[in-house]
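Number of protein chains: 2
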Amino acid sequence: MDKKSSASGDLLCGRPIERVLEEITNFHGFPAPGVVIGAVMVDWAREHIGTIEADAIVETLRCLPDALQLFTPCTLGNGWMRVLDWDRFALTLYDRTTRRGCRVWLDAGKTAAYPAIHDWFLKRVPKDAIPLETLLGKILEARRAVLSCRSVIATDFLRRPKKERIAICAGSGEAFDPRAGDCCKGCLRGGYFTLESA
Amino acid sequence: MDKKSSASGDLLCGRPIERVLEEITNFHGFPAPGVVIGAVMVDWAREHIGTIEADAIVETLRCLPDALQLFTPCTLGNGWMRVLDWDRFALTLYDRTTRRGCRVWLDAGKTAAYPAIHDWFLKRVPKDAIPLETLLGKILEARRAVLSCRSVIATDFLRRPKKERIAICAGSGEAFDPRAGDCCKGCLRGGYFTLESA
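Taken in order, these protein sequences are the chains called G and B.
If you count by this note's numbering, then the first sequence holds residues 30 to 227, one letter each, in order.
If you count by this note's numbering, then the second sequence holds residues 30 to 227, one letter each, in order.
Just chain G, same shape as in the assembly:
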């Protein structure tokens, strides 16, 4: 597999780099290194699986979900991106029919050749020790050289069941999926808020 940057030169996810950085800034708030390397990961995974419609699985809540949501059709709300809170900097795109796909991850072994990326990824230095510009420059220089990629077959246990029935919770008075139990999960688990007296 070709580990160099895409043949289209300075394009990433089909866009000029400047546009990638701009879209990340608009959505995520700033050009976070994790989202920028995420764009490189998405670019490689998409190239690997071809132009088929793909579902996504992401193995961390940090940064990477935003790269998937910006640069693939998969979002959290449309159900095509599943999120595992595993704190691994990895993502998989797979054909939802054949379940064949590609897993790409930021490879700690390979980052050793890029000290700025290595120190940032493994938190060997305080967050502000490496200027953002330096880190982004190194990421865009290294691109796929710090990643690994494997062909995988996704197992299907993450498929989300269709919502078939709606009930009104006797506790909260709100609509919920009755498969959750007798009450909605807010009542079962306790809320995350208290009511403010008016």
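Hints are computed from structural coordinates only; laboratory data are not their basis.
Everything numeric in this text was worked out from a predicted model, so none of it was measured.
Please note that a few of the clues may not be correct.
As the list claims (entries may be wrong) - For lysine-lysine, the following DSSO-like pairs were computed, each having C-alpha atoms within a straight-line distance of at most 27 Å:
{"hint": "1", "chain 1": "G", "residue 1": "K156", "chain 2": "B", "residue 2": "K152"}
{"hint": "2", "chain 1": "B", "residue 1": "K156", "chain 2": "B", "residue 2": "K167"}
{"hint": "3", "chain 1": "B", "residue 1": "K191", "chain 2": "G", "residue 2": "K139"}
{"hint": "4", "chain 1": "B", "residue 1": "K167", "chain 2": "B", "residue 2": "K139"}
{"hint": "5", "chain 1": "G", "residue 1": "K191", "chain 2": "G", "residue 2": "K167"}
{"hint": "6", "chain 1": "B", "residue 1": "K152", "chain 2": "G", "residue 2": "K214"}
{"hint": "7", "chain 1": "G", "residue 1": "K167", "chain 2": "G", "residue 2": "K156"}
{"hint": "8", "chain 1": "B", "residue 1": "K156", "chain 2": "G", "residue 2": "K191"}
{"hint": "9", "chain 1": "G", "residue 1": "K191", "chain 2": "B", "residue 2": "K152"}
{"hint": "10", "chain 1": "B", "residue 1": "K156", "chain 2": "B", "residue 2": "K139"}
{"hint": "11", "chain 1": "B", "residue 1": "K139", "chain 2": "G", "residue 2": "K191"}
{"hint": "12", "chain 1": "G", "residue 1": "K152", "chain 2": "G", "residue 2": "K167"}
{"hint": "13", "chain 1": "G", "residue 1": "K152", "chain 2": "G", "residue 2": "K191"}
{"hint": "14", "chain 1": "B", "residue 1": "K191", "chain 2": "G", "residue 2": "K152"}
{"hint": "15", "chain 1": "G", "residue 1": "K214", "chain 2": "B", "residue 2": "K139"}
{"hint": "16", "chain 1": "G", "residue 1": "K139", "chain 2": "G", "residue 2": "K156"}
{"hint": "17", "chain 1": "B", "residue 1": "K191", "chain 2": "G", "residue 2": "K167"}
{"hint": "18", "chain 1": "G", "residue 1": "K152", "chain 2": "G", "residue 2": "K139"}
{"hint": "19", "chain 1": "B", "residue 1": "K167", "chain 2": "B", "residue 2": "K152"}
{"hint": "20", "chain 1": "B", "residue 1": "K167", "chain 2": "G", "residue 2": "K191"}
{"hint": "21", "chain 1": "G", "residue 1": "K214", "chain 2": "B", "residue 2": "K156"}
{"hint": "22", "chain 1": "B", "residue 1": "K152", "chain 2": "B", "residue 2": "K139"}
To be verified - The following residues of chain G were derived to be distant from chain B, with all beta-carbon distances above 10 Å:
{"hint": "23", "residue": "C42"}
{"hint": "24", "residue": "E51"}
{"hint": "25", "residue": "E76"}
{"hint": "26", "residue": "T80"}
{"hint": "27", "residue": "I81"}
{"hint": "28", "residue": "D95"}
{"hint": "29", "residue": "L161"}
{"hint": "30", "residue": "L165"}
{"hint": "31", "residue": "A171"}
{"hint": "32", "residue": "R172"}
{"hint": "33", "residue": "S180"}
Claimed, not checked - Derived, one-sided and incomplete: chain G residues facing chain B with beta-carbon distance under 7 Å:
{"hint": "34", "residue": "P94"}
{"hint": "35", "residue": "L105"}
{"hint": "36", "residue": "W115"}
{"hint": "37", "residue": "A137"}
{"hint": "38", "residue": "E203"}
{"hint": "39", "residue": "D206"}
{"hint": "40", "residue": "Y221"}
A virtual CB, placed ideally from N, CA and C, is assigned to each residue, including glycine.
Here the structure of chain G is known, so what remains is to put chain B in place on it, guided by the hints.
Below, chain B alone, put in the same frame as chain G:
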């Protein structure tokens, strides 16, 4: 509290309605009713809390996270949006300093006055029984009339711990947060994929 649409008439989340629908289509894939009503919910919650920087909590994986990600600065990857898989069509925006905020939900009782919305929300008819255009028209007619809103104080147990240390997992060889245990969560819980023979 004013339950009518925003005083700015046909603006929603500070944009013309057509622009809202276009942004939803680009991100989510189509103008899903759940994301459109989500935009109305976000609009009300933001008006309620004012212009302060707010964190978001959303109580379902379906549709609503995309409205928050499009129409607030909160995204899954930047950590400002927390997602509860509770299947309740509700969201909260709150000031991250004072924890005071506003919870808005689609109110099954109030939707009774809008049969198309009611039947869609409570799944009383098959998904294709109500044409999308009809449903969107009713949502944009009803707007806040089908919602409820309460002032809340968010309790803080959802705050995400800062990642302080990174280890390399002896099982997978990948970087992970050692607070997860001796191995990364992928090794602990079993993966979601098998490797394809090359």
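Hint-by-hint comparison with the structure:
no., hint, verdict
1, G/K156 x B/K152, "violated, 48 Å"
2, B/K156 x B/K167, "holds, 16 Å"
3, B/K191 x G/K139, "holds, 25 Å"
4, B/K167 x B/K139, "holds, 13 Å"
5, G/K191 x G/K167, "violated, 44 Å"
6, B/K152 x G/K214, "holds, 19 Å"
7, G/K167 x G/K156, "holds, 16 Å"
8, B/K156 x G/K191, "holds, 11 Å"
9, G/K191 x B/K152, "holds, 11 Å"
10, B/K156 x B/K139, "holds, 21 Å"
11, B/K139 x G/K191, "holds, 25 Å"
12, G/K152 x G/K167, "holds, 16 Å"
13, G/K152 x G/K191, "violated, 40 Å"
14, B/K191 x G/K152, "holds, 11 Å"
15, G/K214 x B/K139, "holds, 22 Å"
16, G/K139 x G/K156, "holds, 21 Å"
17, B/K191 x G/K167, "holds, 24 Å"
18, G/K152 x G/K139, "holds, 16 Å"
19, B/K167 x B/K152, "holds, 16 Å"
20, B/K167 x G/K191, "holds, 24 Å"
21, G/K214 x B/K156, "holds, 24 Å"
22, B/K152 x B/K139, "holds, 16 Å"
23, C42, "holds, 15 Å"
24, E51, "holds, 15 Å"
25, E76, "holds, 17 Å"
26, T80, "holds, 16 Å"
27, I81, "holds, 15 Å"
28, D95, "violated, 3 Å"
29, L161, "holds, 15 Å"
30, L165, "holds, 16 Å"
31, A171, "holds, 16 Å"
32, R172, "holds, 18 Å"
33, S180, "violated, 4 Å"
34, P94, "holds, 4 Å"
35, L105, "holds, 4 Å"
36, W115, "holds, 4 Å"
37, A137, "holds, 5 Å"
38, E203, "holds, 5 Å"
39, D206, "holds, 4 Å"
40, Y221, "holds, 6 Å"
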